Amino acid sequence: MGRIKPTLILGGPGCGKTTALLKIVEEAFAKGVAPDRIAYVAFTRKAAQEARTRMAEKFGIESDDIPYFRTLHSFAFRYIDAKPAQILDGRKLREYAKAEGLDLSDSFIDEFGQSVPLPITSDDRAFSAIAMARLTERDLGDVAGEMDCNMERVREIAADFEEFKDEAAVFDFTDMLTRFVNEATLPEFDLLIVDEAQDLSRLQWRMVDRLIDHSRDVYFAGDDDQAIYAWAGADIEHFLTLDADREILPTSYRLKSEVFTACQKVIAHCNDRYEKDWSPHAQGGLVTSTTDLLKCGLDDGTWYVLARTNSLVRSLAKQLRSEGYAFNQPTAKGMQSSVAVDPVQAVLIYENLRKGGQFTGDKMQLCWSYIDPRRRPEAAPVFDDLSLYGIDDLCRTGFVADASWLDALSLTGAMRTYIRMLRAKGESLIKEPRITVSTIHGVKGGEADNVVIWQKLTGLTYKSWLKADPQEYRTLFTAMSRAREQLIFLDTRSKQQYNVERLLI
15 MGRIKPTLIL
25 GGPGCGKTTA
35 LLKIVEEAFA
45 KGVAPDRIAY
55 VAFTRKAAQE
65 ARTRMAEKFG
75 IESDDIPYFR
85 TLHSFAFRYI
95 DAKPAQILDG
105 RKLREYAKAE
115 GLDLSDSFID
125 EFGQSVPLPI
135 TSDDRAFSAI
145 AMARLTERDL
155 GDVAGEMDCN
165 MERVREIAAD
175 FEEFKDEAAV
185 FDFTDMLTRF
195 VNEATLPEFD
205 LLIVDEAQDL
215 SRLQWRMVDR
225 LIDHSRDVYF
235 AGDDDQAIYA
245 WAGADIEHFL
255 TLDADREILP
265 TSYRLKSEVF
275 TACQKVIAHC
285 NDRYEKDWSP
295 HAQGGLVTST
305 TDLLKCGLDD
315 GTWYVLARTN
325 SLVRSLAKQL
335 RSEGYAFNQP
345 TAKGMQSSVA
355 VDPVQAVLIY
365 ENLRKGGQFT
375 GDKMQLCWSY
385 IDPRRRPEAA
395 PVFDDLSLYG
405 IDDLCRTGFV
415 ADASWLDALS
425 LTGAMRTYIR
435 MLRAKGESLI
445 KEPRITVSTI
455 HGVKGGEADN
465 VVIWQKLTGL
475 TYKSWLKADP
485 QEYRTLFTAM
495 SRAREQLIFL
505 DTRSKQQYNV
515 ERLLI
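Going by the numbering used here, the first residue of the sequence shown is number 15, and it counts up by one from there.
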């Protein structure tokens with residue numbers, strides 16, 4: 015298409031990559047490029063949605079007018095001959111596994127909304143090896159060996175799985191990309207933007223190569239220092255060897271000097287990286303440490319409380335819950351508030367009903383499900399999801415709403431204590447929490463006034479850290495660089511920890 019050399023936009027944390035990319039789009043519009051001649055693809059839904067939303071707000075256009083602002087998987091699905099019902103989601107996969115007698119682990123959601131995984135099985139590892147080999151386009155035997163899998167078992171599962179998909183006419187998310195690369199007939203684009211390029215797998219790069227072949231002007235954007243998805247198949251080496259002109263965004267509008275300097279000292283331990291001439295937007299900021307999370311001053315400002323793995327996150331969440339804090343936390347449905355769980359919502363509904371409020375049938379049913387069985391009449395009320403109901407409707411079959419939620423609702427002792435602690439501390443059961451408890455990977459792309467990083471590490475991560483694995487330095491850098499004002503390291507007595515102080519000398 016007469017394409018000029020691609021441009022790689024490198025931007026550190028808070029440098030405004032999305033803003034820079036939308037400026038490129040704006041310049042294309044000024045030259046008369048139509049919205050449907052622009053493709054903007056990203057690794058995550060969050061990045062694609064942010065670009066689409068900001069485009070719509072900035073230029074006053076509808077989402078339908080920019081049909082190619084999508085995740086890579088969404089883009090691929092658009093151009094393969096398939097229907098949504100053919101996608102092999104988690105539910106269908108588990109049905110298949112059960113029918114085949116495969117031993118896949120599961121997780122359960124506790125009453126506080128947290129996902130508690132069961133132990134990983136050998137069949138889990140086999141599926142992981144199969145997926146990794148396909149995404150990275152490596153030999154299955156090599157990948158299975160690295161993951162300590164039984165090779166015969168892996169090949170058996172892989173063959174049976176492919177046969178099942180063919181017979182059932184279903185496909186998984188990796189199949190989407192493969193079919194796109196091999197089959198898709200594409201339109202021509204005047205502008206292609208590939209955001210979060212540092213996170214793409216080898217197979218995804220092949221998809222991007224196909225898009226490049228149909229694009230006149232090409233921009234990549236990303237940050238190799240935040241390339242933390244090698245465990246999921248990301249091909250960082252491809253990103254580091256792109257044949258492209260480089261443009262470095264010079265200023266972080268998030269980081270202040272003290273946090274910036276600490277981040278630079280950590281990432282300097284990665285040898286294979288793009289050098290970047292960038293700087294903080296202001297002097298100041300604070301880098302400190304503590305042995306007690308509850309002495310951090312969590313009552314003001316926004317907070318990220320971060321740990322390296324989910325098991326450690328659950329421990330932090332338990333501590334905050336015991337003190338009556340509301341917080342966002344990772345769940346099976348994504349990041350959700352700790353007060354958005356069903357028992358808390360049942361309390362709010364019950365209290366508001368007693369004050370004359372009305373709710374839809376699904377909310378009424380939720381509340382009814384927590385009514386103490388000893389107070390329920392034999393006949394349960396019937397609610398229509400689309401209708402509004404009040405306290406009289408709840409009591410129509412004989413229930414008497416004369417008691418407070420403490421006596422009327424059947425909750426565990428731990429949940430009762432949590433709700434009472436929330437109210438004693440003055441925490442809102444309605445507003446978005448100021449605190450987010452998460453893994454480092456879970457907040458990539460986000461920021462907060464204050465960031466707490468627990469130095470404790472699990473066994474496997476600690477082994478990687480001792481080997482100076484670049485992935486671990488990048489992950490720590492990513493965590494540190496979420497902080498707008500204050501970065502706090504939460505010390506631990508465990509020998510398995512970052513000991514980050516030695517890096518900051």
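Calculated directly from the structure, the hints in this document are not laboratory data.
Since we're looking at a predicted model, the values are computed, not measured.
Treat the hints with care, since some could be wrong.
Said to hold, decoys possible - Derived lysine-lysine pairs resembling DSS-like cross-links, with alpha carbons at most 25 Å apart:
| hint | residue 1 | residue 2 |
| --- | --- | --- |
| 1 | Lys-445 | Lys-279 |
| 2 | Lys-332 | Lys-481 |
| 3 | Lys-445 | Lys-369 |
| 4 | Lys-279 | Lys-290 |
Claimed, not checked - Here are the computed distance ranges between Cβ atoms for each label pair:
| hint | residue 1 | residue 2 | range |
| --- | --- | --- | --- |
| 5 | Glu-181 | Gly-46 | 46 to 54 Å |
| 6 | Ala-183 | Asp-356 | 34 to 42 Å |
| 7 | Glu-181 | Arg-516 | 55 to 63 Å |
| 8 | Gly-298 | Ala-34 | 37 to 45 Å |
Where a beta carbon is used, it is the ideal one built from N, C-alpha and C, also for glycine.
Do the hints match the structure? See the list:
no.: 1; hint: Lys-445 with Lys-279; verdict: 37 Å, violated
no.: 2; hint: Lys-332 with Lys-481; verdict: 31 Å, violated
no.: 3; hint: Lys-445 with Lys-369; verdict: 20 Å, holds
no.: 4; hint: Lys-279 with Lys-290; verdict: 14 Å, holds
no.: 5; hint: Glu-181 with Gly-46: 46 to 54 Å; verdict: 50 Å, holds
no.: 6; hint: Ala-183 with Asp-356: 34 to 42 Å; verdict: 37 Å, holds
no.: 7; hint: Glu-181 with Arg-516: 55 to 63 Å; verdict: 57 Å, holds
no.: 8; hint: Gly-298 with Ala-34: 37 to 45 Å; verdict: 25 Å, violated
Checked against the numbered hints given earlier, this structure breaks hints 1, 2 and 8; the rest are met.
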